[in-house]
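Model the placement of chains B, C and D on the given structure of chain A, informed by the hints.
Residue strings, one per chain:
Protein chains: 4
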Amino acid sequence: MIVVMKRNAKKEEIDNVLKSIEEQKLKPVPLHGTERTVVAIIGDERVIHIDSLKAMNGVEKVMEVLQPYKLVSKEAKDKPSKVRVGDIVIGGDEIIVMAGPCAVESEKQIIDTAKAVKKAGAQILRGGAFKPRTGPYAFQGLGEEGLKLLAKARDVTGLKIVTEVVDVRDVQLVAKYADILQIGTRNMQNYPLLKEVGKINKPVLLKRGMWATYKELLLAAEYIMSEGNREVILCERGIRTFETYTRNTLDINAVPALKEMTHLPVVVDPSHATGKKSLVAPIAKAAVAAGADGVIIEVHPNPEKAVSDADQTLSTEEFAKLMKELKLIAEAVGRKL
Amino acid sequence: MIVVMKRNAKKEEIDNVLKSIEEQKLKPVPLHGTERTVVAIIGDERVIHIDSLKAMNGVEKVMEVLQPYKLVSKEAKDKPSKVRVGDIVIGGDEIIVMAGPCAVESEKQIIDTAKAVKKAGAQILRGGAFKPRTGPYAFQGLGEEGLKLLAKARDVTGLKIVTEVVDVRDVQLVAKYADILQIGTRNMQNYPLLKEVGKINKPVLLKRGMWATYKELLLAAEYIMSEGNREVILCERGIRTFETYTRNTLDINAVPALKEMTHLPVVVDPSHATGKKSLVAPIAKAAVAAGADGVIIEVHPNPEKAVSDADQTLSTEEFAKLMKELKLIAEAVGRKL
Amino acid sequence: MIVVMKRNAKKEEIDNVLKSIEEQKLKPVPLHGTERTVVAIIGDERVIHIDSLKAMNGVEKVMEVLQPYKLVSKEAKDKPSKVRVGDIVIGGDEIIVMAGPCAVESEKQIIDTAKAVKKAGAQILRGGAFKPRTGPYAFQGLGEEGLKLLAKARDVTGLKIVTEVVDVRDVQLVAKYADILQIGTRNMQNYPLLKEVGKINKPVLLKRGMWATYKELLLAAEYIMSEGNREVILCERGIRTFETYTRNTLDINAVPALKEMTHLPVVVDPSHATGKKSLVAPIAKAAVAAGADGVIIEVHPNPEKAVSDADQTLSTEEFAKLMKELKLIAEAVGRKL
Amino acid sequence: MIVVMKRNAKKEEIDNVLKSIEEQKLKPVPLHGTERTVVAIIGDERVIHIDSLKAMNGVEKVMEVLQPYKLVSKEAKDKPSKVRVGDIVIGGDEIIVMAGPCAVESEKQIIDTAKAVKKAGAQILRGGAFKPRTGPYAFQGLGEEGLKLLAKARDVTGLKIVTEVVDVRDVQLVAKYADILQIGTRNMQNYPLLKEVGKINKPVLLKRGMWATYKELLLAAEYIMSEGNREVILCERGIRTFETYTRNTLDINAVPALKEMTHLPVVVDPSHATGKKSLVAPIAKAAVAAGADGVIIEVHPNPEKAVSDADQTLSTEEFAKLMKELKLIAEAVGRKL
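Residue numbers (numbering that gives the first Met the number 0), protein chains in the order written: chain A, 0 to 336; chain B, 0 to 336; chain C, 0 to 336; chain D, 0 to 336.
Any given hint might turn out to be false.
Note that the list lumps identical chains together, so a pair holds whenever it fits in one copy or between two copies.
Unchecked claim - Result set (DSBU-like, lysine-lysine): computed pairs, CA atoms no more than 30 Å apart in a straight line:
hint, residue 1, residue 2
1, K69, K26
2, K60, K276
3, K76, K276
4, K81, K320
5, K9, K26
6, K320, K107
7, K9, K24
By construction, these hints were calculated from the structure, which means they are not laboratory data.
Only chain A is shown next, with the shape it has when bound in the complex (with noise of 0.2 Å):
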């Protein structure tokens, strides 16, 4: 940590800094320049209220040098982390597809759209039975009767389940019928939630939180982590920036740099990214060939009749047509689907 103390700051202020710094038992090091005297630290900062630093008579600004997560960086794992489920490998050789319904809306919607993703290639089964939902008037969702249709699915198809969970409460309840657990964009920082999905056996989807940088994504990923569960996706969904044409806009960077920080697998969700269903198969393609390790991607038999989503997802020919494109991307970055 650097501690860069005003131009005009007292002996005294930086004294005051240097004991402040000596009393967490970390070695200060000023450093005294042209303008002004810099205090650099010796020592694991993470230790350390940077917040009081800042607070201090003197003190212009502290910059961090060591990032404040640690289990997810790339210094504490330095090989990519893969997800199992079951046979499936997430972060491995193969591209994961995530394909299904916004919500489950019946057991003939999700049994016919599990077949068809399958079909096309798809490996996990997605479908919403608990759904955060903007407005409360809205569906939202059938609840356990939907994770039932949703284990049904996959006795049918053998298809692996993922599906969001929103309430501290049904994480035990959404872990028994679910393969993976989404945590949902809306909940990123919900820190209860974490916690109690970082008690479970059984993987995680991370969704990145629409307002949250790479950061906030990796502490929250931390969060889990710290609780025992290693076995964390991360999932680019779309950022909130000021384009109003698409419902947000999907941080393509994010796929590389994601990478280069962390050792855990990074996924992307082209529906949500961009709202639109004619954008969902360009960008699924960008994501792969980004280095992304799978895309979940939102599809229904009908599109026009889902509850919710509508306009954003696939029909099941579209989806299948974007299976045969996305395997050659997969191969012209020396991957498989």
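Quick look at chains B, C and D alone, frame taken from chain A:
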């Protein structure tokens, strides 16, 4: 609702849209313009599946005429709502000041702060017992012990208490001690938590998500109100932008904008909105000048020793000085403090 | 255009709106809904003063049905435009790669770079002679001397030249040497400059303003085209968001989105969009996978010695490696390189 | 400047960094921490090529200690600068109000407005003769004819004139008529224009780019000042965010933040910052409460007939009312109006 058809939409596509609207018991009015056809919908558009319309063939876009919320809107209630906490009225003539430390740390700290802010003129004591921290290794609050210390500070000073609830399982516990429950920025779209505080009979201070539009903030309030609890106070606390000099960007426009969109009271948090103690006083004054019903400010007897947010926390002396300045602004806008 | 009246708009206010529309030779169609009146306007809404309508008493909001641009739109021209620079076609089957240093520094530097990027397969040489730098004390470019060196590099290698013009008074000068004139992100709404490059007969590479919506980018292109120059290439180069790990956030959605909004070719600048050399290759590949017609990449024989943008510049070896990878992606999406 | 080496940086890489710093005549101080080596640089870091350092092998990141601007900084001049326009002092005790129409439309319009705003207490008349409009088909201003009408309004009322210059070729022309030259938000990084207004001897009102950080705004001012013109007034006019209810988001934090970063006066434009006439008055009051030295407000005798920005323009009556309210706020913060 207005459905804009594509320029080259086929008659059959237009007919399908008309039919779909009629099936939802609403009246479509097609308008054939020079370049394209537009379909206006007469009736309460809130019942329509907007996504499904958008997904229909030949549809270019769908524009909403009405807002998707009801209870929070001026249309539901023209007169400003007053939220009462004992003798204190939020949303009336008086500017309400909530002040106290970021986190409750010890009995001495909270009681000393309470006495000081009470003396300076604050009506409500703030202080976190459950702290949502970006990283898992930071101080997470004293929990129920912190709530008890807040209650003790209330007993000693007569101040009312506002404190955050972060876990849906803690709502009853926090409600037992607090006079106002705070929903923090990260939880603005934590729907189970919103529903749960919607069922209690204590006021809720709802902070704007740092990514949330006014409309989404109002929909979050609608979640609470639709469960029965009508005592909601909105809080602008800064949004996330590209500027990094400050911790967040206070959206001062939100104060008069929300006042024209809703009947609910609006307060401002200049501490989190700036993240810098030197900016807190001018921004608090701006908030009152813009029409805010109150401010919530971080104060600590010894900011340098605060365990969190030290760099944005006023000392009790600085706070007392600010209160005198705020009083002048309050009077300049025809209110009192 | 759709005028939404306030819920309690008076008959007289509605009548004034109708009259005002008729005065502008358009046909108003009032629709009296259950909650409020909406007035649809039949005719070319682009002639209307939207601000004046918004300012009328009783008007709540005005929603545009048509886009405010014409020449750039798919409605003006359905087929993709091909911009030709000698034998090179931008917007055709072939992916076009523009490569070279941020700034022209010396004859040796630019000729060495030109030879290397030519050998690796680039068709166009980039290099700045006039540099827009954030601070006045940074290197501002070699000026005309730089243009001459670019021309010399063209003579030696046969590569075409793209270079930025920042001053309206330099348009003729730059056009004398360059094959394509670049308008940089900071000048996307420098209207005198747009108009001036609209009068020349050389293609213009128009970079998206880092704050600009797709619509604003298209309106900037419309400025150029409305002066007579129809040879415009759009360039997505990253927008400004809250993420600070990268220099900008590449809006990959822009590629397919612009492709459905306009007939103009779209290229991507992964160097500025990321600001980090380690991210350039994956993002370049993503761009091609998403449907971009080309990429523009910073390359320097010795990046560490580059006078600007050193940290986002590829070495010639890294560039040659990327070209091989890009070729595979191009083929995977049915194009060539 | 602080160079943070990668965790596994080789000794040779560290030595190269040290050597490179020494070659630039600065003194490197290597600090070998527990996890990585950090190199502090003693001396004026502004001469260093930061990009080149970042590009060196083994370097993880480079952090700046000093700001890259000089003339605008508090370090260059501690006391607040006062910009004088005849008798008017911007940056002194008095709050300065600039008011007038978005665009000069006719002699009657501008003279009527001038008289009305003068009567209400404004000291400076605003009005656009050259208008930067997002689309090429919108009214672009009366040009020199508009400047002459502004001059006539000055003759009639004694008000000073502020008007925008958008073309580097018009600087002399505009300077012939105007008392203050305005650089609009879109041109904040139009460096040729900044340099040109840096060479005249009239004050410049520099509006913040809607995408620009405080640092970038200050660097734009530095461009002007480094050419010799020290009479710069900064203007916060709203930044671009995700909120769409308002035209822009006024960054009220900018007022006190800029005041602590620079000695230059700071004014606020509530008209563009909100885009809604109903929000102009509360935001103008907030600006003064936050410490702004003045405000610039759009006023028109008949807003509905204004050719541009009608929906954010106050009538002369509304403006007169606001002036009375502003006076009370000015007094509440110890200033006058």
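Cross-check of the supplied hints:
no.	hint	result
1	K69 <-> K26	within (21 Å within a copy, 33 Å between copies)
2	K60 <-> K276	between (46 Å within a copy, 13 Å between copies)
3	K76 <-> K276	between (38 Å within a copy, 23 Å between copies)
4	K81 <-> K320	both (28 Å within a copy, 27 Å between copies)
5	K9 <-> K26	both (20 Å within a copy, 24 Å between copies)
6	K320 <-> K107	within (23 Å within a copy, 49 Å between copies)
7	K9 <-> K24	both (24 Å within a copy, 28 Å between copies)
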